[in-house]
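Read top to bottom, the protein sequences are chains A and B.
Take the first sequence: its position 28, counting from 1, is numbered 28 in this note's numbering, and each next residue is one higher.
Take the second sequence: its position 65, counting from 1, is numbered 65 in this note's numbering, and each next residue is one higher.
Take these hints with a grain of salt, some might be off.
[Stated by the list, open to error] Over 10 Å on every C-beta distance to chain A, these chain B residues come out as not near it, computed from the model: (1) ILE60; (2) PHE72; (3) THR86; (4) PRO115.
[Claimed, not checked] A few chain A residues that face chain B, going by a derived Cβ cut-off under 10 Å, partial list only: (5) VAL4; (6) SER7; (7) SER31; (8) TYR35; (9) PRO43; (10) GLU44; (11) GLN50; (12) SER58; (13) PHE65; (14) PRO70; (15) GLU105; (16) PHE108.
Hints in this document: simulated from the structure, not taken from any laboratory.
Note that CB positions come from ideal geometry on N, CA and C, so glycine has one too.
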Amino acid sequence: GAGVSQSPRYKVAKRGQDVALRCDPISGHVSLFWYQQALGQGPEFLTYFQNEAQLDKSGLPSDRFFAERPEGSVSTLKIQRTQQEDSAVYLCASSPKLLAGGYNEQFFGPGTRLTVL
Amino acid sequence: AQSVSQHNHHVILSEAASLELGCNYSYGGTVNLFWYVQYPGQHLQLLLKYFSGDPLVKGIKGFEAEFIKSKFSFNLRKPSVQWSDTAEYFCAVTFGSSNTGKLIFGQGTTLQVKP
Numbered sequence: 001g002a003g004v005s006q007s008p009r010y011k012v013a014k015r016g017q018d019v020a021l022r023c024d025p026i027s028g029h030v031s032l033f034w035y036q037q038a039l040g041q042g043p044e045f046l047t048y049f050q051n052e053a054q055l056d057k058s059g060l061p062s063d064r065f066f067a068e069r070p071e072g073s074v075s076t077l078k079i080q081r082t083q084q085e086d087s088a089v090y091l092c093a094s095s096p097k098l099l100a101g102g103y104n105e106q107f108f109g110p111g112t113r114l115t116v117l
Numbered sequence: 001a002q003s004v005s006q007h008n009h010h011v012i013l014s015e016a017a018s019l020e021l022g023c024n025y026s027y028g029g030t031v032n033l034f035w036y037v038q039y040p041g042q043h044l045q046l047l048l049k050y051f052s053g054d055p056l057v058k059g060i061k062g063f064e065a066e067f068i069k070s071k072f073s074f075n076l077r078k079p080s081v082q083w084s085d086t087a088e089y090f091c092a093v094t095f096g097s098s099n100t101g102k103l104i105f106g107q108g109t110t111l112q113v114k115p
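Just need the whole structure built from these sequences, with the hints factored in.
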């Protein structure tokens, strides 16, 4: 497809389980972002990749969160030992090469809604 | 800390009413400004953006926004709303100090348009 896709769309996990969320960006997009959106809030930045390099992981809330993009295309966000506070929608966005001045438009996927029981 | 605030959390309007949603950010340097919309059951979509130049920008579906640097504001407007504008609206900013282009979002405004 032409857009960003994410899977699964919904995930229910028991507290303590590990989960893996997948993002397929738009083909050829260099930049990839992960955001976390809690209920009733705006998305919050988690991490950023330029190709396979993770250049910014300042938003990851704890060392239980880990993201990778080994071949510069598909990315996986992994959460270990999930907690109830991890319940949120996890959004992936991709964009073409970063323009001088710091920006290019980000295209968002539909998100994965994670519920931790 | 760099932040974005949206003043209206929930707005209810009748069709044909005018809309203005407030957005302010806390940073005196270079910014890039955006409004995203999320229709029910759909993903975030870009409504409009401001990088430089004319501070009055026009986006899709009749929306526009005005960047007022002195007020650190980027309010969204539409002269006459339609029922189909019912959605959640997010203001977002990239700050010039960022070299990644990460977006800082406001908390969102839910717009409900009554037919």
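Open item on the list: Of the numbered hints stated earlier in the document, which are not met by this structure?
Closed with: 6, 13, 14
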